[in-house]
Structure formats: structure tokens, C-alpha cells
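> Chains as they are written, first to last, in my numbering: chain A, 1 to 263; chain B, 1001 to 1430; chain C, 2001 to 2378; chain D, 3001 to 3530.
No false leads were slipped in.
Listed next, the in silico SDA-like pairs over lysine to any residue satisfying Cα-Cα at most 25 angstroms (straight line): (1) B/Lys1400 <-> C/Gly2100; (2) D/Lys3100 <-> D/Asp3081; (3) B/Lys1388 <-> B/Met1160; (4) A/Lys106 <-> A/His157; (5) B/Lys1423 <-> C/Leu2104; (6) B/Lys1361 <-> B/Lys1388; (7) B/Lys1219 <-> B/Asn1204; (8) B/Lys1276 <-> D/Asp3081; (9) D/Lys3138 <-> D/Ala3046; (10) B/Lys1302 <-> B/Gly1357; (11) B/Lys1406 <-> C/Gly2179; (12) B/Lys1219 <-> D/Pro3494; (13) B/Lys1219 <-> C/Ala2172; (14) B/Lys1406 <-> B/Ser1109; (15) D/Lys3138 <-> D/Thr3227; (16) B/Lys1221 <-> D/Ala3488; (17) B/Lys1292 <-> D/Asp3073; (18) B/Lys1219 <-> D/Asp3134; (19) B/Lys1221 <-> B/Arg1169; (20) B/Lys1120 <-> C/Leu2029; (21) B/Lys1228 <-> D/Leu3373; (22) B/Lys1192 <-> C/Tyr2113; (23) D/Lys3100 <-> B/Asp1384; (24) B/Lys1192 <-> B/Ile1203; (25) B/Lys1311 <-> D/Ile3287; (26) B/Lys1197 <-> B/Glu1403; (27) D/Lys3138 <-> B/Arg1169; (28) B/Lys1254 <-> D/Arg3061; (29) D/Lys3138 <-> D/Ile3182; (30) B/Lys1229 <-> D/Pro3210; (31) A/Lys71 <-> A/Gly48; (32) B/Lys1406 <-> B/Thr1422; (33) B/Lys1406 <-> B/Met1160; (34) B/Lys1276 <-> D/Trp3381; (35) B/Lys1221 <-> B/Met1160.
Don't read these hints as lab results, they were simulated from the structure.
Read off the chains here:
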Amino acid sequence: MSAAIALPPSDPVHEKRLTQALLYVDDIKVTFDGYRALRGLSLTLMPGEMRAIIGPNGAGKTTMMDCITGKTRPDTGQVIYDGVHDLTRMDEAAIAELGIGRKFQKPTVFENQSVADNILLALKGPRAATASLFGWRNRVGRAQIDAILETVGLIAHRARPAADLSHGQKQWLEIGMLLAQDPKLLLVDEPVAGMTDAETEATATLLRRIAQDHAVIVVEHDMHFVRALQCRVTCLHEGAVLAEGSIDSVSADPRVVEVYLGR
Amino acid sequence: MTWKGWLSRAAVAGGLALGTLTTTVASAQETIKVGILHSLSGTMAISETTLKDVMLMLIDEQNKKGGVLGKKLEAVVVDPASNWPLFAEKARELIAKDKVAAVFGCWTSVSRKSVLPVFKELNNILFYPVQYEGEESERNVFYTGAAPNQQAIPAVDYLMSEDGGSTKRWVLEGTDYVYPRTTNKILEAYLKSKGVKDEDIMINYTPFGFSDWQTEVSKIKAFGSAGKKTAVVSTVNGDANVPFYKELGNQGIKATDIPVMAFSVGEEELAGIDTKPLVGNLAAWNYFESIKTPENEAFIKKWQEFKKNPKAVTNDPMEASYIGFNMWVKAVEKAGTTAPDKVIDALPGIEQANLTGGTAKMLPNHHITKPVFIGEIEANGQFDVVWKTKDLIPGEAWSKQLEGSKDLEADWVKLKCGNYNTKTGKCGGA
Amino acid sequence: MLLSRIDKPGWIFLGILALACLVVPALNLLTAPGSAFHVPTYAVSLMGKYLAYAILALSLDLVWGYCGILSLGHGAFFALGGYAMGMYLMRQIGPRGVYGNPILPDFMVFLNYKSLPWYWHGFDLFPFAAVMVLLVPGILAFVFGWLAFRSRVTGVYLSIITQAMTFALMLAFFRNDMGLGGNNGLTDFKDILGFNVQAQGTRVVLFVLTALALGLAYLVARFMTTSAFGKVLIAIRDAESRTRFLGYRTAHFKVLAFTVSAMMAGVAGALYVPQVGIINPSEFAPANSIEAVIWVAVGGRGTLVGAALGAVLVNYAKTLLTGAMPDAWLFALGALFVVVTLFLPKGILGTLAERLGARRPKVSTDIPPALAEEGRGS
Amino acid sequence: MRRCLVLLLVAWYAVWALPAAAQTGSDAAYARLASDSYADIEAGIAALATSGDPKAGPVLRALIDNRLFYRPDDKALAVKDGAALTDLRTGAAVSPDGFKPVRVNNRLRRAIDASLGTLNLLAPDTATRRSAADAVFKARDAAALPALDTALARESDVGVKRSMQEARAAALLAKPGGASEIDRLAAVDTIQARGDSEALAILRGLANDPAQSVRDAAARGVSGIETRQALMANVQNAWYGISLGSVLLLAAIGLAITFGVMGIINMAHGEMVMLGAYTTYLVQELIRQKAPGLFDWSLPIAIPLAFLTAGAVGILIERTVIRHLYGRPLETLLATWGISLILQQAVRSVFGPTNREVGAPSYMSGAFDLFGLSITWGRLWIVVFALAVFVALNLTLKATSFGLKTRAVTQNRRMAAAMGIRTPWIDAFTFGLGSGIAGVAGVALSQIDNVSPNLGQGYIIDSFLVVVFGGVGNLWGTLVAALTLGVANKFLEPYAGAVLGKILLLVFIILFIQKRPRGLFALKGRAVEA
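Starting from the given sequences, assemble the full structure and let the hints guide the process.
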């Protein structure tokens, strides 16, 4: 396990970095057909930090994720990763290669492939077409995959098509894929949506464990879960940061109460 | 069906399996099989389906007369579906499997070219009933349609004559495939030999099934307004003709201003058009339904009864099929067998009365003699014959106007060669 | 290591091919024409044609079944391969054309060509032609794919522009000025590598070669689809953007698959031409490409073997019907397509496999979400 | 037609009222006419036209209508009215036996047109006079000059007067040394003022006129007209482009519903168009047999019928096949392809494989001149019709509750169903609507193209390209795309030729889709992604 997710080697460009932050989002704006999804959102994340993002529907949580992972190009503003890389100029694949993994709101796993293959596809390693045709990925040992399936408790289902998994199991499989990717920064979008309390609890523990050696951003509605994460909280509203701080201070903030209860 | 299942059927003799491949019901008494290879579906069905029916009628009739050599004839109909490789495949099937004595079929040049190797290899006979670009004479093929010198050249002569309006300026409009290309090459050479200048000839090609003629027609209109008498020689292919004529009518180009002389527009095609705006436009054929002879009237009557449709029209390729079929029958009786080699040798010299008077004679180059008529379109969709050649014109396989072929000569009787080069004195090709 | 990747139907398939390579020639050459077991030569060529189509279907299944690229223009690659072979065969005629011109093919002579167009040079050498058979479709597919996949043209949009591509090529090849025979195309071939194309022996050999090529094509496709590469392809088919987030440059995978597939199609065309004896622009007709798609659907998408099966069955049915019911065969064929899509959504093999409860990675017949999106045009 | 017959009869009896003596002058002409040599007949026509015989007009008309007969043995001439034959000389009814029709060909038609023109210059009816003047203009026969002068003297109508002057000028210029240089110069101006291609022809003909001044004037005239025409050429192209675009629009707009909105890759779309065309054919057949008078109404009648026929077939297809395939667009491609084969073969076996004749009603035939730009009525109507259909469709989708439901269903089936919309029926009717529109398009296309089983095949690919190029699911996109492609095509055609032009266009579309992977009017935002 620990082998699977060791700390990344400190990169040589450390000196020239613009910021110490692992992720530096500065005043990004996004507009869809006139609808302003993000209106100048800024946010910084330190290496190894875990951050929970809360906010009502339409606050721009997912759009922010899209901007970080290269799915959406912000109209203005910049997203600096690891102090040197401007994510707004890269495509999804390149960003993923930098070590940013993402788990989607609606669990998206490869339904027609076995659980094990899902992990195999995610495993860190060369991703070029030729490599996958002849190379390393065809000779991955069973142990390496099982180790991860172990952690997310899907070892029993390794051979089943992912389509057969329950909703919760798919959430876990996706988290497992994140682990396999072994990114420096995990973006986790509503990981416990539709989970039982027990599952939610387990997920929280898992994320806390991952957070020990990864930077994590969790988007979530479920306040109990967020509380269980025991981390800094940012509240978004109408595409901008409304409040930031410990869960208690944020949930005490009158504006936050207003936007949540006001609707 | 499982793999093994299929394979046992296909492999353990495609023969067995393919044995079920025909319309024919194995009949008790022995028959002579005749292949009919015309497209019944796809783009060419428009023209070819009628020829299939004519053949069925002729065969039926022959059987009423007691068949050939005392045996009944049996038609084997297949559908090559306007798909050229399929033509070759079906020809192969007809000859190799159904063992037909002769095949009547094809319309487009490409379909003929596609089946040629098959007929040569399996040594059978093809009767080709459509006017074509010439430049071919094969031992196994008999061409009962017009060669360019039996249609194009006389037509141009007529247009140049005083009756034809002493045309000085020429538009050669055609569909972009081999028949128009070659015909226009021949005509261009011929016109120049008659002293027509380059700037008085406009050659123009459009794709198959071309439907938007606005630009082309207005081009013709402009070209025709140079003060000299202008005519259009159209080798436009069947499907594109209707929109072409409709556009001519719409843009108010009347036959009295710029007549259109067509080589591929017959009664069949006109049936699809309102001909009132077209009155006076011309067509050159070796047969017109409107020609009054007892044979023709009888033929038309039989045809309309056979089709159970008093409005059914007849056209040139139908007569060509009629001539070809009867020549084959006579040749078989002359040879006393249906063996291709014997029949091929028997055919040259065979004579058969045309429906329009005169007799067609099968020449040593496997083409036949034909009268040439020029008809003007009438309001009733028929043609009024305004000019005809004095006597029959023998078909030339190789055009005198083309560089490559002017020295070539076809004679399967004496020279036993389809492309004898009079210069080098040897039989070219294989 | 490759052998370990071949599943049961695969083995059966290869077995049958091997069998065909032995049985058919034997039945053709050794048995008497009269006997019930005799396979007439034309039937051999006919089966050869089916197998050539099977290769085309296989190549199509590789991109459609596994990568969700519905190409409505694969006939173009097939035809290009065919033309490359046709040009070689034309050059082999040499002075035996009707005009006896040692260099120029007949159609050039009567269209007054003075000299051979530049792109005809080299085709008198078989190795050159053979390379072209792979290269021409390959390069076209690479360029086309590189443009389309890099700019993320997917689903219906991709299908339609592939169709536009083959349509444009058809129009181009119909033009006599292309110097490729226009509508008549290339025909009346004499011999190939010195053997007469009409000869019984040559035909049998061509059949065997086609069968072998089909087997090889299957092995290649099977190798690709069972490797991690194949897993990525399926991932792309089912959720392309998700695959991107895993760090895969999906465009590269698609281009590679598309190009390989196009080359297979080219080979199919090259084997097809000498057996049917003609190649002409109507092979580019969009309808042909659509039919190829239908073969795959009939046989079973994403099963390789099924694609080949479908191609053979549909064409066999066509041969049967055009002869047996020339006036009504289109009804039967049309009905077949409707029935198959309605009642055998997984195609014949797919359904068969389910019945037998065979263990094979289940292949969904739903289209990739991306496509559903555009299809709905939301 | 009937009216002109009546007129003719009237003229006829008027003629018989005259004393027989007046006719003797034209006997020679009759003798020439009673022949089967075109040369003789032509001479006869000329003689008759100048004979001053009041019967000349009716006789010539009879000739051009193939109603003039002759008896070879005694050269008797007779005219046929309805069934009866009346001898020209005696005026007595004669039995038809022994009589053969006097045959005409283009050469004679030209001669007759010219002579009739001269004779009709004084006709009471303005239209007749105008067409007469035009005929004389075409004929360019100096012999017509006297007649023209008298006619000009009397002419009151301005338009007719002008065309008569033009005819006169043309006739003047016809014989080289004929009129004085001044007159010829004046004539050149008149002709140049006319400024159409006929005028161009005449002026070009003056290249070797004896008088230098005339030559120069003609040359100036030619270049003047040519520059003007070069300018017009672009306008003309634009118009051709628009009319081609409207055809594309008609062909594609139904698909914009079934494919664009519903996401069904409807390969049978072309066959729906074909069905519409055949409906038109049937309607016309019925009218021809039952009520020939209504012929001009055939299209207005056919439109709703075509809509219903194609629509019904569409609904049938949707209910029986397509409804099982929602969410599987590619399967719809295969099924509808099968359906299209079946439909084609069905039509082929019912109507036969050959083309069917669909006539053009009077208001759709012919052309009119707009500032030297000749516009054909048929095309104009089709453009108008295409736009009308587009507007109507837009309103249906935007302004009716049916349209609202349609959009609801296509955007979110489940939600719509939850809101109590009967989604299956909406699907069926939407597909029916698309098919019906295709049928309506068929009515228009039957006017410019073959009505054959293959009709649809010719349009299916273009239709898909138009919809995709415009952006799937966007009617305005379809409109813009169709017109753009039409115009582009027509501007390319003169330079690249018809085939190459089309190829270039296809390549352009392929490249364009690279730039805008979702067509001209693509929707942005998250909805599209995922």
C-alpha cells in the first residue's frame, strides 16, 4: 500500500516557483451562454492539505473542478499548479499526468470492464498508445491491483463487470482508481452521495488516511461528513468564495446560514 | 445458423448450396436456357427492366412457335442490381452454373466491360442491345445497338444540313463517363474535319444524376447568343435528362432557337417528362415507335398486350434486343446446335428484318447494319421522323476519327481478330 | 502469449478458416466437375469475395465495436486498396491491350493521353503496389483521423464527415480527368505476378490467400483488443472524457486504431479486385460503407468473429436472393436489417454467446454517452 | 387552347365570306405547300405570307398545329377543325382519305413564327402584337420592314412600340448595305438599349459592317452589354445559389426534425421525399382523368396529401420499429436503412422503375426578366415555398403546445413523462411531422427532378451534411447551412466545374467540422460536454 502511494520526489524547479501553494486559483471567471457560473473565484491549497468545499447548488463547485482538470477553459484568471504549471493552457490528459486525479459527482467507472481492469487502466505508469499495446501495462502483477482493491474493499468483486456494482461500491471503485493513479492532488466530488451512514463513515476515514500523504479537495453537501473530515472548509456562493475557515466558524457565519437557509 | 452449419453448406460445394440460386424450376423435358442480365434494382433499373420484359416476351413467343431445335427456351433472370462487380458475378453464375446457351444483357459500358473477361474465359455469347461508344469488338460479344457512326455522325450531319438549320456553333453536353467522352472526342474530330473552329465548340461534362442545371443551361444560352446558329448535342445520361429538359423549358430555350439533339433520350425517357415545352427537340436513333410499318405495329401491339398496358412505349434498345434475339435463333438453327463456338461462327452474315423496314445484317466485326433516323419530339411524347439515311449504315467497331483506333479493323470471319492493325499488319492485344 | 488471448469462438473461427484453406481447393481441384462435392471455380471466387468483405467487416468492427468510431466511410479505404491493386494489374496487361500500346492502358489511349500520369509510375512493380495498398489508405486514415480526433469530432458528426469523405472520393474518381478510368474503372485484367487471373489455379490461390489474410487480420485485431490498448479503446468507447481524466491521450489511441483498421480495409480491397475482376468508383458509394456497417451489426458488434460472420452471411444471402427472387430480394434484405436490429440487438454471435452463457466481456449495444448527447442534440 | 380554336373558327368563316377572287393570288403558294419537301413548304410559307391572302394567318397556324393536310395526287389542301376537313380552295368539306398531313420541322417552325409575326403586327390584342414583334425581332427579316412601319405608325402601347422599334432596328441591320448609315447607327443604339444576349448577338454580327462608324458603335455596344452582363453574372449566380439552397433546405428540413431534434439517423428520409413526389404524381393523374380544368390546382391539392401520406408512413415506422430503438441512434441507422430499401422496392413494384411524369402548372413554367436577370417562375416558387415551410415549422415548434411538448420530451424524456406528457405519442407525432415535411418537400422536388424510386437517394447525403453543418438540433442552423452551401456551390461551379465544385465543398465541410466540431450553431456549456 505505502509503496503504491509514496510521496512524490521534490521536483528540481522548486526554486523558480511562483508560489509555495500546490494549487493557486486566482480570480477565474466562466460564462456559459450568458450564465456566469464563476465570477472571480480564488483559492489556494498547500501541499498535503485537505480542503472541503461546500455551497448550495449552482455555487460553481463542479465548474471550479472542471477548470482545474482542464475540462473547461476559464474566460479569465489563472490556475497555477505546483507553482509552475498553468493548468488553463493544458488538456485533461496532460493535467492528469501532472498528478491531479478526479472523482466525479456521478460515479463514472468503465461499466463494461471488470473491476480489476478499471484499476488496471488507472494504475500510474506510461500512458502512451504504444506502451499500452506492447508495454508494461500488459504485465502488471495481480498483487499490485489487489492491494488497492483491498483498501477499497472490493477484492471480492475483482472479476465482476463494474456495471454490476452497487452505487456505493462504484463510488469506492472510483476512489480506488484515484489511489491507483497515485496523484499529488485529489479532487473528490460528492463522494458519499447516496451512501448509507456506515459507508459514509468508512469513506471519511479512508479520505483522512489518504490525506496523510496527498492533497485533497472534497466537494460535499453533507455537513456531518464534512465535519467528520476535520479540515479547513471553503463555502462558495454564486461562483465566488463566500467564507473560509474551520467548519465551526464557517457554519457560524451568518451569510453562509443565509445562503443555505435563505433558499 | 452456426459457423460449421454455414461452412458445410458453403464449402461442401458452394455448388450444392448455390444450386438453389436461380428462378428456374427444374423442368421435366430438356430446355435451352437463355440468360437475362439486366439490372432490376438500383439506378439502372429505370432503363434495363423493360429490356428484361422484352426478352421474356420474345422467348415466350419463340416457345409458342415451338422453341428452337425442337426444344423449349427457358429464361434465367438474375438481378445484377446496377452493381458492376455483381454483373461479373452473375454472368459467371449464369454460364458456369445455369449453363445458359447465350446471355442477353447489360446497358452501361462499365457493366459490359465488367462481364467481358467472364465471357471470354468461359467462352459464351453476350448480346449487347444498347448504343455505345464503339472502340471494341470481341469474339464473344455481338453488338446490336448503334456504334457512333450509326448515330452520332449522321445526327451531326443532319444538324449541319439546311433542314437541320445549318448549325454553325456546337455545344457537346454530356455526362462524365466513357460513352459521352468518346462520342464527343469523335464528334469534335469530325466537326473540325468539317472546318468548325475551336471557339465554335463548347464541350461540357456533368456528374451522374446531375439535377441542378441552372448554371449549365444559362451557359448554353450565353454560348448560343453569339449570332451563329447553335445546337446542343446531348449525351446526357438517362437520369439527368429530366431535370435538364425541365430547366431548358423553364429558361425558355425553344427548339427553334437552340435545338437539342439527344442520343440517350427515347420514348421511355420522354414518358417521364411533360414534352410540350420540348416540341422540336431532336433525337437520333435507329428505331422510333412512331415509324409506321406492319412489323412495328405488330410488335407494339404484342408489347402492350404483354405489359397489359395500352400506354406502354417501345424504344430503340428494345428493337436491338429483338434483332439480337432473332439473329441468335437463326444462327442456332443454322448451326444446328447451341454450342457457343458454332453459333459464334454462324452469326456473321445472318440477316433479320428491322421493325422499321430494311434488313439488319450481322457483320464480321460483330456489329450490324442499321438505318439512322432523326426524330423531332412531339407534344404526345412520340418522335416525328424528319430525316432518315438513304440506306443502311454498317456499324464500325473502331472509329476513323480517333488517333488510337483509325488503323484498327475488326473481322472475326477472315482475320479472326477484333483489333487487327492495318499498319503493323498484326492482331494487337491478346 | 498471443495464443493465450484467443477465446473459444476465435479458435473455432481460425479452425474453420484453416479447414476452408484445405477443403475448398481440394474439392475444386480434385473432384470431378460432375460430382456432388465439386466446388465450381466461380464458387471459389465467390467465397473469396465474401472473405475479402469479411476482412473489411473485421476492420470496421475494430474501430466501431471497440472504440465507438462509427465510420461510414470505410468503403473508401477498401476501394483505395483495390485501386492500388487494380493499377498494378492494369500495368501488367502491357502491350496486350486492344490498342497494343505497351505503356498506356486502353482507356488512356482512346482518351488521347500522350503519356502516363505521374501517379501511375511504379505500379508496374508488385512490391511497390503492395506497399501502396497499405500506405494510401493508411495515410488517408491517419491524416483524417489526426484532424478529426484531435479536434474531438465524435459520434454522428464523425460518421457524417467520414461519409462526406467517401462521397467526395467517389465524385473525384468518377471524373475521367483523374486518369483512373472514370466510371468504367479498371478492368479486363490479364495476370498477376505472371499467373493468369482467370486461371483456376490462380483463383484457388487467391482464395487461400484471402482466407489467410482474414486469419491474420483476426489475430492482429484480437491482439490489439485484448491488450491494455484494447481496454483503453473500450474505455474510450464507453466514457471518453473519463478516460482523458485518467491521463490517456485518447486521440492518439483512436488515430492508431483507425489507421490500422484502414490498412486492413485496404488489404481487403486489394484481395477483392483480382477475384471480381473490376474496380470502379461505385465502390466508394456511401451505400457500400453503410452496408459494411450492417454486416458488423448483423454478425455482432465488438466480437470480431461476429463481424466476419455477418459479412459472409449477408453477402451469401444477397447472392442467393438476387438470383432466387430478382424482383423482390430487396424486401428480404431490408426486412433482414430491420429484424436483426429489433430482435438481435447484439447481433447473431452476441445473442448466440448469451444463449450459450459464454464468458466474454459483455459488449453493450448502447451507444457511448457522448454520442447519445449529440444524437439528442441537447 | 380552346379559346384560340374558337377565335380561329370565327376567323375562318370571316374568310369564307370573302369573294373567291381574292384567293387566286395565293394559289401558287398553296401549290408549294402541298408537298413533302421542306424546301417547297418553306417557299410556300414565304409566298403565302406576302400574298396578302387574308387566309394566310389561319392557314399558317393550322400548319404549325399539324392541322394542315394535302392530297399528293391533286395537290388539294385542306384544314382540319376538330374532326372535319375543309378544302382550302373550295371551302367544301372533304373526306379525309387520300389526305396526308403537311409536315413541319424546326426550320419551318422558325419560318412560320416569323411570317405569323409579320401578319399579327396589327392584331387587336396587345399580347399578340408584342409576341408578333418579338417573333419579327428573332426573324430579322428585312421583308418585314414595311409591315413594321405601318404597325409602328398605329401602335399606341408603349411597351409594344419599343419592341417593334427593336424589331425594326434588327431588320434594318439584317441586310448589310440596306439602310443609310444614319439609320443603322440609330438602330445600333436601339439594339444596345435592349442590352440582352439577343442584342449582343446582333451587334456581334456587325463586326464587318461596311461603315466604320457603325462598326465602332457596335463594338462599343458589345463591350457595354458584356460588362453589364459580367456584372449580372454574379447576381445570377447568387440567385442560382439561393434557389439551390432552397432545394437543399427543403430536402434537409424534415431531417432536421427526425435527426436533428429526435436524434434518429433516419436513412429512410429520402424515401419520405420520394413518397411525397409520387403523391403529387397520383394527384395529377387523377386530375388529368377526372378534371383537367383543375390542373393548376394539382400542387396546392398535393401538398396536404403528401404531408399526410408521408406523415402517416412516418408514424407507422415510428410505432413499429423506431420506438424500440430510442437511445440507440446507430441502431436506428441500420433499421431505417432497411426500411428505405423496402420502401424503394415497394414503389418500384407498384409504379414500375421508370420515371413518372409530373407536369408543371402554368404559374410554375416559364421565366421573367428582372433588370436583365432572368428568373424562372418554378425556381422562384420553390424558394418562396421553402421559406414558407421553414417558418411554419418554426412556429409549430416554438408557438404550439405540441412544439413545447416535443422540445420537453427531446430534452428530458423522463422529466417530461413525469409531468404527464404522453411521450410515446409525442415521439410518434414528431417523427410523423418530420416525415410529413419531407413529403411536402417531395411535392416541390417533383417539379425539378425525376420522379423515380431513386429520387430520395439523391438527396439523403446532402441533407445530412446540411443538418450537421448547420449544427444538429438547430433549425436556423439548417437554414443558414442550406443557403450557404447552395450559394457557395453556385459560385464555385463556373470556375471549378460542377463536379470539382462539389468536391471542394465537401472537403470544406470536413475541415469546417474540425474547427467547429458541432456545426455552425453549436450549443455551448456543460450540457453538451460530458
